[in-house]
Amino acid sequence: MGDSDVVETGLSDHYLIYTVLNIKPMRPKSEPLIKRSLKNFNQKAFLEDLSKVPFSTAYIFDDSDDVYWCWETLYNQVIDDHAPIRKFYRRPRIASKFITAETRNAMKERDRLKKKCYKSRNPTDWEQYRQIRNKVVSMRRKSVQEHFRKLCVDKHGNQKKFWSTIKPYINSRKIKSNSRTVIKDNEKIITDTKEVVET
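Per the numbering used here, the sequence shown starts with residue 1383, numbered consecutively.
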């Protein structure tokens, strides 16, 4: 909890109680991903080594499963040398509900120009990247505003549906706070929760 207090509204005998929450967006846990690394892959060298593999030896077996096992083993020995298996960790992406196809295409163009300007160090390329970057920020901001505006309209009057939709965007971990609401009434300090509400 970041802050809490009461405000005199003048509309009734009771004070309006408010609370400011310190929340952080939840980040999904990293998931292991196993795939082949093509960083140093050389197609010409791979095909040359593959042509030297005696695949014909696989056909000494009568059983088709044994033939397949031998063929696969010989093939994997070559491809493991040229494209070894690596284990990566990545965070699963949560599908965004407010990124439109137009925004996504602009983001791809932004990333392309970013790589180009970082490689060329050309002021013209940098200016092109800066413009598309600002455009993406503006498009995304408008999309987010429109998404939550529509959300408030669609879920209006149904708090359960509203919070079930909002919940994925806020931290659901329960953090106990020792902070208390304290008010001063006629030189008397009130800390009891019940008395604060009734004051």
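Everything labelled a hint here was simulated from the structure, so no lab data went into it.
Each hint should be verified, as a subset may be incorrect.
As the list claims (entries may be wrong) - Each computed SDA-like pair below joins lysine to any residue, with the alpha-carbon atoms no more than 20 Å apart: (1) K1498 <-> N1516; (2) K1406 <-> R1523; (3) K1479 <-> Q1527; (4) K1434 <-> K1421; (5) K1421 <-> K1479; (6) K1497 <-> R1523.
To be verified - Computed spacing ranges between beta-carbons, pair by pair: (7) F1443 <-> H1529: 25 to 33 Å; (8) I1416 <-> W1545: 32 to 40 Å; (9) L1429 <-> C1534: 55 to 63 Å; (10) C1534 <-> D1463: 20 to 28 Å; (11) E1528 <-> Q1425: 20 to 28 Å; (12) K1469 <-> K1543: 35 to 43 Å; (13) D1536 <-> T1506: 42 to 50 Å; (14) E1454 <-> P1505: 36 to 44 Å; (15) L1533 <-> K1490: 37 to 45 Å; (16) D1395 <-> T1482: 46 to 54 Å; (17) P1410 <-> D1431: 33 to 41 Å; (18) N1404 <-> T1482: 41 to 49 Å.
This structure is a prediction, so every number in the text was calculated from the model and none was measured.
Virtual Cβ for every residue (Gly too), placed ideally from N, Cα, C.
Each hint tested on the structure:
1. K1498 <-> N1516: Given that 20 Å is the threshold and the Cα spacing comes to 17 Å, the pair holds.
2. K1406 <-> R1523: holds (19 Å)
3. K1479 <-> Q1527: Satisfied, since the Cα-Cα distance of roughly 12 Å is no more than 20 Å.
4. K1434 <-> K1421: With Cα atoms ~23 Å apart, K1434 and K1421 exceed 20 Å; violated.
5. K1421 <-> K1479: violated (34 Å)
6. K1497 <-> R1523: violated (24 Å)
7. F1443 <-> H1529: 25 to 33 Å: The hinted range 25 to 33 Å is violated for F1443 and H1529, with Cβ atoms some 60 Å apart.
8. I1416 <-> W1545: 32 to 40 Å: Since the Cβ atoms of I1416 and W1545 sit about 38 Å apart, the hinted range of 32 to 40 Å holds.
9. L1429 <-> C1534: 55 to 63 Å: holds (59 Å)
10. C1534 <-> D1463: 20 to 28 Å: The hinted range 20 to 28 Å is violated for C1534 and D1463, with Cβ atoms some 58 Å apart.
11. E1528 <-> Q1425: 20 to 28 Å: At roughly 47 Å between Cβ atoms, Q1425 and E1528 fall outside 20 to 28 Å, so the hint is violated.
12. K1469 <-> K1543: 35 to 43 Å: Check passed, 41 Å falls within 35 to 43 Å.
13. D1536 <-> T1506: 42 to 50 Å: Hint holds: Cβ distance 45 Å, inside 42 to 50 Å.
14. E1454 <-> P1505: 36 to 44 Å: Cβ of E1454 to Cβ of P1505: about 53 Å, so the range 36 to 44 Å is violated.
15. L1533 <-> K1490: 37 to 45 Å: violated (27 Å)
16. D1395 <-> T1482: 46 to 54 Å: Holds, at about 49 Å.
17. P1410 <-> D1431: 33 to 41 Å: Hint holds: Cβ distance 40 Å, inside 33 to 41 Å.
18. N1404 <-> T1482: 41 to 49 Å: violated (31 Å)
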